[in-house]
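> Chain residues, written in single-letter form:
There are 4 protein chains.
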Amino acid sequence: MDGIGRELLTLREVPVPQPAPDAVLVKIAAVSLNYRDKMVIESGRGLPLIFPFTPGSDFCGKVVASGKAVSRFRVGDRVMAAFTPDWTDGLRPGNARTPAYRTLGGYYPGVLAEFVTMPEEWLVPAPASLTAAEASTLPCAGLTAWFALAERARVRAGDTVLIPSTGGVALFGMQIARAHGAQVIVAGNAANRERTLSAGADYFIDKHNDDLVEKVYEITNDRGADIVLEVIGGAHLGKAVQAAAVGARICQIGALDGFELSAPAMPLMLKDVSIFGIGTGSRKALEHLVRAVDRTGLKPVIDSRYAMQDLNTALDHLDKGPFGKIVIDIDPAG
Amino acid sequence: MDGIGRELLTLREVPVPQPAPDAVLVKIAAVSLNYRDKMVIESGRGLPLIFPFTPGSDFCGKVVASGKAVSRFRVGDRVMAAFTPDWTDGLRPGNARTPAYRTLGGYYPGVLAEFVTMPEEWLVPAPASLTAAEASTLPCAGLTAWFALAERARVRAGDTVLIPSTGGVALFGMQIARAHGAQVIVAGNAANRERTLSAGADYFIDKHNDDLVEKVYEITNDRGADIVLEVIGGAHLGKAVQAAAVGARICQIGALDGFELSAPAMPLMLKDVSIFGIGTGSRKALEHLVRAVDRTGLKPVIDSRYAMQDLNTALDHLDKGPFGKIVIDIDPAG
Amino acid sequence: MDGIGRELLTLREVPVPQPAPDAVLVKIAAVSLNYRDKMVIESGRGLPLIFPFTPGSDFCGKVVASGKAVSRFRVGDRVMAAFTPDWTDGLRPGNARTPAYRTLGGYYPGVLAEFVTMPEEWLVPAPASLTAAEASTLPCAGLTAWFALAERARVRAGDTVLIPSTGGVALFGMQIARAHGAQVIVAGNAANRERTLSAGADYFIDKHNDDLVEKVYEITNDRGADIVLEVIGGAHLGKAVQAAAVGARICQIGALDGFELSAPAMPLMLKDVSIFGIGTGSRKALEHLVRAVDRTGLKPVIDSRYAMQDLNTALDHLDKGPFGKIVIDIDPAG
Amino acid sequence: MDGIGRELLTLREVPVPQPAPDAVLVKIAAVSLNYRDKMVIESGRGLPLIFPFTPGSDFCGKVVASGKAVSRFRVGDRVMAAFTPDWTDGLRPGNARTPAYRTLGGYYPGVLAEFVTMPEEWLVPAPASLTAAEASTLPCAGLTAWFALAERARVRAGDTVLIPSTGGVALFGMQIARAHGAQVIVAGNAANRERTLSAGADYFIDKHNDDLVEKVYEITNDRGADIVLEVIGGAHLGKAVQAAAVGARICQIGALDGFELSAPAMPLMLKDVSIFGIGTGSRKALEHLVRAVDRTGLKPVIDSRYAMQDLNTALDHLDKGPFGKIVIDIDPAG
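Chains A, B, C and D, in that order, give the protein sequences. One point on numbering: in my numbering, the residue at position 211 of the first sequence is 211, and numbering is uninterrupted. Basically my numbering = 1-based index in the second sequence + 1000. Basically my numbering = 1-based index in the third sequence + 2000. Basically my numbering = 1-based index in the fourth sequence + 3000.
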C-alpha cells in the first residue's frame, strides 16, 4: 500500500530483509484474510500507517535465517504469530486510557509479502497436523475463539454453547466447543443451515425467522446457554443475556451490529451472568491452541484460496460473507 | 400490609408462630430498610404477594425456640438470614427463563414483626462484634458489596476500586475494599465529600462537576480502576468501562439510572474487561462476611434509627437518600 | 449385614419403606460395587455401623412413590445419588478436626436392596443415554474422575493427562479427559496394554518395566504432564511431581500404595505445581457429569455383571482387579 | 567470589559496566541477604558459577544510565528486580525435566556491587513509601509471601492464616495477610512470642511446647486454617494438612526440615485441601506488591543493617536466625 484505497495496493520487489540479532527471517507460505484487512486497505481505519505499508496479519511460513541471539527456532521450522504479537502471557499490554491494539498489518507491518522478519518472541511453532493454508487461519479467528472458550469461559463437556453467527470466529468456536464435548447451538442465515450442521453444530437457529431466545429455552429445557460467543454486538448482547443460563459466561467478541452494546440489567444480575471482553489472545494461548489442534485433529474451515495476484478478487469475496476463511497462497510449496 | 399502599400498612397482634421440625422461632431485634421495601409497600413491585403480607428483609434477632430436628442453632443464638435465603452455596437457584428472585419480604414473608419462624438452613450466626442494629444492615447491602468484591472481583491489597455512589452498598463496598488494603475512589454529590472521606475513601469525585473518567485516569496515572462497583446502571456502565484498567472487573449491581445497560464495545474488548452481574450473595458468603466483620472491626454506617411505630417516617427518610442505613428497632433489648 | 464378616451377609425380606414428606421411594435397578464395599462387609472399616446394615453406595433406580413435599422428581423418573449425598454444591461439609465422610453404605444406610427411601435433595436424574447398569457406575468412580478433571484441574483440549492405573476411577478419567480433547497416557500392568489402548488411551506405559517419569518426558518432549490423576498414593506422588509440567495440577485421589504421601519439594516449588485433594464430588458436579455423558456418548467400562444372589462371587472378583466396574443387577427390568 | 568459600570473597574495583541497548545501568543502594546467599558463597550449592562471580539477589538501586532502546525507565528512577528476573507474567519458564531456576546471584550474576546492568524488562519501580534498605527486602522474601497469599491462595478478610515460622517469608506473610484483613496465627520459638505479637500476629503458638494442630483447632473452634504458609517442609506438611480447614490452601514454600515432603492422604482428600508449590513469583506480581506496600503502608521488618565491608559479620548473623531481614547498605545516599 502506498496510501489508502484499493488502487494504491501494489506488489513490489524489495530486498529481502535481514533479521536483527533476536529476530528471524520468515518465508511466508500462506496468509489468511480478515475483514479488517479489507478495511485497512480501503479506509486505513484511522490507524497511523507509514507508507509504503504491508497489510495482512495471519500467516504461516518457514524460518529461513535467524539472528545470532535466537534460541527458540531453527531454520526450517514452520511458524506463526499471534494477531497482537507482543502479548506474550498473563495480562495484556496497555492501560485504561490507551488500550494496546498493536496488531500485525495495523500497528506493526503486515505479512502479505514473500519475506518478513520478526522477533522470535512473537513466534509459535505451527501445528504439524495442518497445511500452511490451514495454519494461517489460526492467529486471529482461531485464537480468538480459543481464548474465549478455553481460557476465559472454560468450556467443559456437557456445556451448551450458543454461537449466533457462521463467521470465521463462530465456526472455530463451534469446532473448539465440540472438541471439549460441549453441545453447540448456532444461529445464522437459513441458507447456511445444512453446511453448519454438517460442520458439527448440534442445532441450527434461523436468525431471521426464529425467536433466538425462545429456541434456546426450548432446546435446553429452559436451562439456557452456559456460554455465548457474542460476535454480533450492539443490542444483540441483550439476547445473549436473555438466553444465558444461571452462572453463564458471555464472551463479547464482535460488534457487527454496532459498537454501543446494550443489555437488560435484571437477568444479568439475577442469573449471576459474567460478560468477558475478548480481543484475540496471547502467544501462550496460541501455543495451547496449536497443541489442541494437533491433538484433536481439528481442521479449519476454508471457503476459498487465491493466489497473491488475485488479492482483489479475494477482498471482494470477503464482502459476500464467506463460509469459512479466505486464504492467499504465497508460496504453495511452503 | 393488607394490600398495596402505605395506608394499608398496619401493626397487628397475631399469635406467635410455632417452628416446624427443621425451623426456629426468632425474636426480631432490629430490621434494616432497603429502598425496595418502600417500593413493595407502595406499589407491590409486581410481586405475587398474599395478604396480609409482612414486608422487610434484613434483620438480626435471637433464637427463642427450635424444632426438634434443628442442629445448627440453640436458643439464645443471635442470627441473621441472607436476602435470598434459599441460596446456600455454589450456583444460585433458577434457570434461564425464570431467574430465582425469592427474597424475604418479597417472595417469602418478611421480617417487620416481633417473631418469625424460618428453616435453620437459612440462618447465619450474627457477628459478635456488632449490635443487633448494626448486624441488621448486613444481609442485603453488606452481603452484596462483599459478594461483589471478595467472591467475584477478588479484591487485593493495592487494587484501585471505583465506587460511583454513596448509597448503602457503596459505603459497604468502600469499607470492605479498604479492609483488604485497596485504594478507594468514591464519586457522589459534593455535599457528601467530607463524610465520605472521613468514612474511609481515599479520593472523592464530585459526580456533577467532575469528569469521572478523566479523574480516575489522573488519580491512577492512566492505569485505571481494577474494580468498579457499578451501582448506577443505564449508560453509566459505559463510564465504568472507560475508567477500567486492563484486566479490570466491573460488578454490575444496581440500576438507578435505568434497567437497560449500555457500554462501548471497543474498550471492553481491548482491555480484557469482565462484567459480573451481582444479585446479592449466598448464605456461605454471608458467613464469610460475618467472620470478616468480626476480624476487621468493620462497623456499618447507620444514618438513623426509628421505632416500629415510626415506620412511615423511616420510609420517608429513604426518599431523601440517607448516608448509610436506616434501621427500625423492634426489640431494643435484643 | 447382621455384623461384620461375609458370613453375616444375608438377603432379608423387609417391608417396603415409606418415604418422608421430602423423600422418595426408589426401586433399585442396579448397584455398582467399589472395593470399599468389600472392606465394609469384611472389616467394617472402623465405621459406626448399626446392624442390620445394608452395604453398597452406587445405584441407579426408579422413583416409585414420593412424599408430599417433593417437587424435583416424579414417579417413573430414573435417579442416582452421589457417594457423599449431602454435599450439594460449593464447599463440602465438615471441619478441620472432623472431615465429613458421610457416604451411602458407610455412614448412611446402603443400597444393596430392592427399595430405598432418600431425601429428594440427594438425587440426580440418571443419564438418558445409559442403561441402569451403566448409570450405576457413575456416583463414585465416575464422579471422582469428573470432579478431579473438570472441576478442579479444568482439563482442556491439548492437555496431556497422566493416569498411572487401569482401575475404575482411572478408566473414567481416561474417557473424560479424551471427551475434552486431551491426550492420555495410562500406566498399568502390561497385560492391560491392548484393552487400555482400545478403550482410548493414546500411550500405555508398562508400570513394572518402564521408567514412568522418563517415558512421560519422552512422550511430551520434556514438557511433562499437565494433569496427573494420582490414584496410587504413598511415594508414588513423588513420581507425579517429577512427571508434572510447569503449572501442572495433580489430583490426589487414591492411596493404594499407602496413606502417607511423600514427594520431593524442589520440583513441586520450582514448577509451580498444585496438588488437589479429591474425595468424590458434589451433587451439582454429578448433574454436570450426567449432561456430559449424554452429550458425548461416553459409555462406562463394565467388566462383569452379577445377580444379587451371586454377590459373594462378585466380591471375589473385586480382589482380582477387574478391568472396569462390577455391577449387581437387582431389577433387570429397571 | 573467585571461587567457593568465604575466604575467596573479595571486594574488587572493576570498570563500571555499560548497558546494552535494552538495558540500564543501576547504582545499587542496598542489598538484602538471604540464607541462600550464604550457601552460594560457602558451598556454591552445585550451581554452574563462572568466577569471578558476584553473589546477592535482592537489591534496590537507582537508574544512572540507559541503553537507547529503553522505554520503561528514566535516569533517576529507583528500581528493583524479582529474584527470578526473567519470569515476567503468567506461566513461569522451564519444563518438566529441567525447571527454570535462573536467579540473580545464582544463575545470573548477583548484585553485591556498586553498579550492575540489567535488561529493563527485569525491573520494577521501587515503592515510593520505602527506603532503599526496606525496598531491598521485597524481591525474594516479600514477593514469595505475596505470590503465595495474594496470587495463589487468594487471601480474604476473615480468613485464618497459619504461619509456622518467624523467618523472613513468614514475617512478610503475617503482614500481607493482615493487610487483607485476615487473622494470623504464627508458630515459633517462645523467645519470639512478644515481638511477633507486637509485629501483628493475632495468636502465637510455642512450636516446642504446644501441640500446633490442637492449638489451631482451639483458636478456630475446630474450623481450621483457611491458608497455611508451609515454610518448614519435610513431615511438617502433614501438620499443615491436619490443621487445614475444609477447602484450605497450603502454600509449600520452604524445606528447612527436609526436601522430602510427607503428609497423610485422608485429611487431604476428605477436606478438599489444595497444596500449591511456590517458588518466588513473577515481575508482574512484584509490581502488584509494590502498589500494595505503597497503599497499605506495610514496612518490612529489618533486624540489622551492615556496611559492605562487614559482609562477613552479616553472613554470621544469618546463622543465628534473625528476626526480620539483614540488609547491606551499599550507597547510604541511594
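No lab work stands behind these hints: they were computed from the structure. Do not rely on the hints blindly, as some may be mistaken.
Said to hold, decoys possible - Pairwise CB distance ranges, derived in the manner of DEER restraints:
1) G1297/B x P2015/C: 37 to 43 Å
2) L3011/D x F51/A: 44 to 50 Å
3) F51/A x F3051/D: 35 to 41 Å
4) E1114/B x M3266/D: 25 to 31 Å
As the list claims (entries may be wrong) - The list that follows gives simulated cross-link-like pairs (lysine to aspartate or glutamate, EDC-like), each with its CA atoms no further than 20 Å apart:
5) K284/A x E3121/D
6) K1027/B x D1089/B
7) K3284/D x D89/A
8) K2284/C x D1310/B
Unchecked claim - From the structure, some residues in chain D lie toward chain C, with a derived Cβ separation under 8 Å:
9) L3091
10) G3200
11) D3206
12) I3219
13) T3220
Even glycine gets a Cβ: it sits at the ideal position worked out from N, Cα and C.
> Against this structure, judge whether each hint is valid.
Taking the hints in turn, this is what the structure says about them:
{"no.": "1", "hint": "G1297/B x P2015/C: 37 to 43 Å", "in the structure": "59 Å, violated"}
{"no.": "2", "hint": "L3011/D x F51/A: 44 to 50 Å", "in the structure": "57 Å, violated"}
{"no.": "3", "hint": "F51/A x F3051/D: 35 to 41 Å", "in the structure": "54 Å, violated"}
{"no.": "4", "hint": "E1114/B x M3266/D: 25 to 31 Å", "in the structure": "48 Å, violated"}
{"no.": "5", "hint": "K284/A x E3121/D", "in the structure": "18 Å, holds"}
{"no.": "6", "hint": "K1027/B x D1089/B", "in the structure": "26 Å, violated"}
{"no.": "7", "hint": "K3284/D x D89/A", "in the structure": "11 Å, holds"}
{"no.": "8", "hint": "K2284/C x D1310/B", "in the structure": "46 Å, violated"}
{"no.": "9", "hint": "L3091", "in the structure": "5 Å, holds"}
{"no.": "10", "hint": "G3200", "in the structure": "23 Å, violated"}
{"no.": "11", "hint": "D3206", "in the structure": "20 Å, violated"}
{"no.": "12", "hint": "I3219", "in the structure": "11 Å, violated"}
{"no.": "13", "hint": "T3220", "in the structure": "7 Å, holds"}
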